[in-house]
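Participant: Protein chains in written order, with the working numbering: chain R, 525 to 706; chain A, 11 to 926; chain E, 1377 to 1704.
Hint data in this document are derived by calculation from the structure and do not stem from the laboratory. Do not rely on the hints blindly, as some may be mistaken.
[To be verified] As a list, the in silico SDA-like pairs of lysine to any residue whose alpha-carbon atoms are at most 25 Å apart: (1) R/K553 to E/P1419; (2) A/K720 to R/P597; (3) R/K552 to R/R571; (4) R/K552 to E/L1663; (5) R/K553 to E/H1554; (6) R/K553 to E/W1425; (7) A/K170 to R/K687.
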Amino acid sequence: MINFLCKQLYIIWSQLVTLWLVFTHIFKKADTVEYPDQMPYMFPRWRGRIILSRDPDGEERCVACNLCAVACPVDCIALQKTEDENGRWYPEFFRINFSRCIMCGFCEEACPTHAIQLTPDFEMAEYVRQDMVWEKEDMLISGTGKYHDYNFYKIAGKAIGGKGKGEARNELPPIDRRSLLP
Amino acid sequence: MAKITVDGKVFEVDPNNNLLQELLSHKQDLPYFCWHPSMGSVGSCRQCAVIEYANDDDQRGRQVMACMTSPREGARYSMDKAHQFRAQAIESIMTSHPHDCPVCEEGGECHLQDMTVMSGHTYRRYDGKKSTHNNQNLGPFIGHEMNRCITCYRCVRYYKDYAGGTDFSVQASHNHTYFGRFQDGSLESEFSGNLAEVCPTGVFTDKVFSKVYSRKWDLQSSPSVCAACGVGCNINPGERYGTLRRVVNRFNDEVNGYFLCDKGRFGTGYVNSAQRISVNMSRSAHDARPSEITPVDAKAKLLAMKGNAIGIGSPRASLEANYALRALVGKDNFYAGVSDVEFGLLNQVIDIYQNRPVHIASIKDIEKCDAILVLGEDVTNTAARIALALRQSVKNIGKEMAARIKLPMWQDAAIRTLAMDKKSPLYILSSHATRLDDIARQVHIGSAADSARIAFAVAHVLDSSAPAVTGLSDAEMALVNSIATDLKAAKHPLVVSGTSSLEPALLNAAANIATALGNGDQRGNLALCVPEANSLGLMLLMDGSQNSLGKAMQSGARQAIVLENDLYRRAPSATVDSFLSGLQQLAVLDHLQHRTGEAANLVLASGTFAETTGTFVNYEGRAQHFYATFKPVAAIQSSAKWLCDSEFGNEPRIHILTGGAAAILPNGYKLQKLTPGADWTFAGQRAPRQHHRYSGRTVMRAHLNVHEPKQEQDEDGLMNYSMEGVPATKDATIFNSPWAPGWNSNQSLFKFQKSAGGELKQGSHGERLFDENTGAKAWYAAVVQQAAISGFAQFPIYHLFGSEELTAQSEAIQAKATGAYVALNPADVARLGLGASDGVQVQHNGAVPYLARASITPGTVGISVGLHGLNYQNMTTAGVSLNKAANWQNPKDWRASNIIVSDAGSSSAYGRGTQG
Amino acid sequence: MFEFVVGSPLNIVLILGAVLVAAALLIWVERRVLGFLNERLGPNRVGPWGIAQSLADVGKLITKEDWVPPFADKLPFIVAPIIVPVVMLLSFAVIPIAPGVGIMDLNIGLLWVLAMAGLGSYSAMLGGLASNNKFSLLGGLRAAGQMISYEVFMGISILGIVILSDSFNLREIVEAQHKHGWFVFPQFIGFIVFVIAGLAETKRWPFDLAEGESEIISGFNTEYSGMKFGLFFVGEYIGMLLLSALIPVLFFGGWYAPFGLELPNAIISGIFWMCAKTGCWIFFFILVRAALVRPRYDQLMNYGWLVMLPLSLLNLLVTGAVVLAQGN
Ligand code: SF4
Ligand code: SF4
Ligand code: SF4
Ligand code: SF4
Ligand code: FES
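For reference, chain R alone in the conformation it holds in the complex (with noise of 0.2 Å):
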């Protein structure tokens, strides 16, 4: 009996001080940043407007894998495979319902090209819920984005124009079948 009775004592005095601790913020100082008269600090790693991004050389950095499409939670993402004459796979079209879209950037976790990448830009808002639908033409930076070096076509050892078999980082050069040395 005593012990509940404390135990109520000492619950009552926790939301007393509780209350008291939340009145006291009321002399604090508001964190609130009055956009847009003030324009916030982005951080870089921000998740706001999806891009694509090209590699080094200036090349569509996406090879159409749908790895983004499949990750993506409200299945925003659609996109179809082409290749060029030379074995490049690069998407025939891409498309992002960002209506939809929830920024979680699972998109850009999943891609294994750095291809398409969240950016600091949030004001996404239109009038018309159709222009939120966009295609690989409003995506397509002609830069680097957020990650300058990587070059996923030197990787692989897929061949495509000006790299040929055993010409990828860390490749030997093609093996002559003919050939019975070691």
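Please arrange chains A and E with the ligands on chain R, whose structure you already have, making use of the hints.
Facilitator: Just chains A and E with the ligands, lined up with the frame of chain R:
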């Protein structure tokens, strides 16, 4: 059955199988690469390592490969203890593996990805240089990316040992091993497509699919049946963004097992063809300009013909569509849309199946047979999957030898070594060399009539009560005796024939041999190939009616509804012309534009197999149900739905039509077993057509309208056009494609099988409509009609790629096909004075190029069937006169290099001989 | 100068107008104060300091589609939101604001307030039931259970005051306090129970289980939108105002100034002090909202019946005994 303990768990296993297979049968996750249920074990990949303990006291045990181990009664094994070894094994396999997954067609359904994860090799430690390989161009079907190889040897074991291909091998040694051809060039095997499924990595991939690539999880798919020939292989078509992307094998232990032919796999491009009829058109008179009409008007116009029109059914349309047409026009006005010769032959096939004491051989049965006679059927080109099965049958001698020395059946390499080049007997009687000659004990070239006489004689030798034949030469009698001896000695003798040689006597002779092979309860195996996916279904719906196409054309009807048919492929052009011009109103329902459609007043866009649901009846009378894979554009509907009037409620659910057809077919009640019932659900859910990882749902149509439409509905029930529904791992009564946690590739199939490689736990493998006839032996008279021949005696030549009407419209098939031609003996070529680039004027037909083939009997001519540029129906049985064509230039679609013949020493200017 | 007489039309118009304006303003005040308590700014864009925020809100609510879900039970669905503001305003009729300022001087004022509060629970109940939606139903159910239970202790908790002041008339209760001192001291337990029960009655945080947006979307008003929702909303704020006014009247001496800080004019002084005390309580309730977390429903009910009820009964018993003892 033996009891074994694996990591403390006790399993009942079959000691005749290897341990890997048995563990997989118990749904254990043990990695493997080189073992394949259809090809046995060779123990080359070292992935399936387990620890085997000598006895209960043994604490260390020894490492063995599960796929090379027979489970011992009472033995103790551990999968866990060998985990580290497996991780190391795969790590070394992967040292040179390229950094390719994102640009690899295998990614997402890669057995190597799955096994790497499962084996626990998660981080690459090797940072040395990777060895690399150059790729080869292997033709239009199969892509090659040799860097990804893990040297499991499955490809070469499949291509050479299983499928009998000759232009593929393993080359070089140690870590230079290379799997490919000697030089670049199109793969010759008609079963090359299976490489894409057999190879556990992305070395061999589907090149046609790669052009329009989508990941497996993005493909909407459904259980379906191949519409390209009469075998009825089970397939899984996959759709994305409204077009059909690819076809992969769907396992059915009784039909196609794990493998398809290349026509079925690569021949569905016509579904997306620019030639597709995608709007409904109508015109008032034959010469008026057609105008587009709405589906509602189109249907009204079609139904208005009821009562006045005759209906011409189709052997490539579903049972349901044919039934709906029959119901619309009435039984008496319903005609079979096959050539008159074929009409007779198909009726004969049904008669044999129903009234002779024979066992109709499924492909599973065929693979068990150990002595085979092929009668006048070029199986590789008319029913390719059966040819692949026959290649397995001739290996049964090896299995028999192995059984004698108690070698387990999965010891693939050992059995091959044991058998060397011994083969079970296979005889071929044909009018030209065929692609199976390399496995034949003896090939006899002769006309179909000759073959029939020899076959009748064989029957007589086997059973003296069968009618005898006189007038055979000594050489022929020797052949007859040797065939009869081998068939008699066999445990499971088989006769394969079919309609393609267009010779009724041949079917009778085949029936007589199979009957003669009957012995007590055991009946001779008989497989009669039929030309199209639903040839037998259509003929069974005729229900004894003698309404052939010829009768339709003489019926004097003024209105006709033609279902999925180009009459110009079924009857002589002149006859069709006069029939069509006599019509006031002609309605054509079809997928692709053709000459009959051009003459129509009303053209209705009908859905292909990929867009509709229905039933096909294959060569053995097996009814199989196929589910629509995707919804076509609104103007396209299934023929069955077009043809239904208010009697069925205008747009009935498909099972109502199936039920209608069932009332007509023999054993029709079995049709309802094909599906789990029209209102089937599991825990209130239907089966999904989309994978649970299906992506892009909220954006794929967003460029058209950001407001997402309602998911498409399937009125026929059972499956959803969405990801919603019961997962296959919960209930696999109907499932789109196999997938299990950790098993993203097609290797996950074992999770759905009763035992690894065995039949499916749920799901239908079709229903055979013909009861086994157990009556007394009866014989067909040994009569062979022989018309008087003037000029050359002609026989048909079929091509896997090109002879079939629809697949011929697929780009990939066209790349392997050719235009029409005639095949002649080199002596006849010289006699006709033909130069290398001359053409041949064919009587009743135009001029075509020719091909010289040494195997063809002088005085006979092989005439291509179905290829563009020649109507085989114009030919008469009375022989054909050939002349050198004037001012000849080879047409563009003449691609002789695509014709692969096996005539020894063929001296043709074009044909390429390959070693038999 | 006007003559202030309780119940004069002028009085009625002014008081009702003031209450409505105050309620509307409260919506904004609450959001701003909450903002400050959370180290934010709160709505500060519409008008100076965002003062016209409520106007904007009302504009929005009024222009929204007045929608009745097709599956709802029409009549009760429409009636339910009207009940709250009406009964709350009716309760206000008996609140004494200053000498001569008030709408009604009722002998049974206290009972009247309790009766009105009892009626108020119909609103949430009907709304939840008529919406024909499982979340609404749950919300309505919770509201009914919670309001009816806490009404019991609320009633009992103020009986001590009735005993002490010998009257149900709110004006007389205020006068009694002027004579004997604030009732908060002799009736401390009653006061605590009353405040807690009052919070539960108005379904304000932390007792907002009937809405519980993290569990049942928006509870009984899930299906409401537009001005119907607005009525619930406004009703709730009038309720809060009412409670904040009732507490000073019952426990803190009503309009009488503390510590003899009378302003020269009795009426102005009364209005000022009444407003000041009410304001303090409003602030307190906002603070509670900012600080305390919502209990589980079973905790709420347990607390009510196992702690509050015995406490209030005890309070009543002791008060009665003491008064009896003193009276004798
Ligand atoms: S940020 Fe998230 S929701 Fe948006 S596209 Fe990427 S994965 Fe999809
Ligand atoms: S994950 Fe990256 S590379 Fe792959 S499709 Fe998406 S953006 Fe392209
Ligand atoms: S074969 Fe498999 S593991 Fe190798 S690159 Fe292709 S998807 Fe990746
Ligand atoms: S190519 Fe494929 S099937 Fe052949 S050995 Fe390599 S990984 Fe195995
Ligand atoms: S599967 Fe056993 S060694 Fe390859």
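Participant: It remains to establish, for every hint, whether it holds in the given structure.
Facilitator: Quick rundown of the hints versus the structure:
1. Between R/K553 and E/P1419 the CA atoms are separated by roughly 16 Å; this keeps the pair inside 25 Å, and the hint holds.
2. Of the supplied pair hints, the one linking A/K720 and R/P597 holds, its CA atoms being roughly 20 Å apart against a limit of 25 Å.
3. Distance hint between R/K552 and R/R571 is unfulfilled; the C-alpha atoms sit about 29 Å from each other, more than 25 Å.
4. In summary, the hint linking R/K552 to E/L1663 is supported, as the alpha carbons are separated by about 15 Å, within the 25 Å threshold.
5. In summary, the hint linking R/K553 to E/H1554 is not supported, as the alpha carbons are separated by about 41 Å, beyond the 25 Å threshold.
6. A distance of roughly 16 Å separates the Cα atoms of R/K553 and E/W1425; the hinted pair therefore holds under the 25 Å criterion.
7. Taking the CA atoms of A/K170 and R/K687, the gap is near 33 Å; set against the 25 Å cutoff, the hint is violated.
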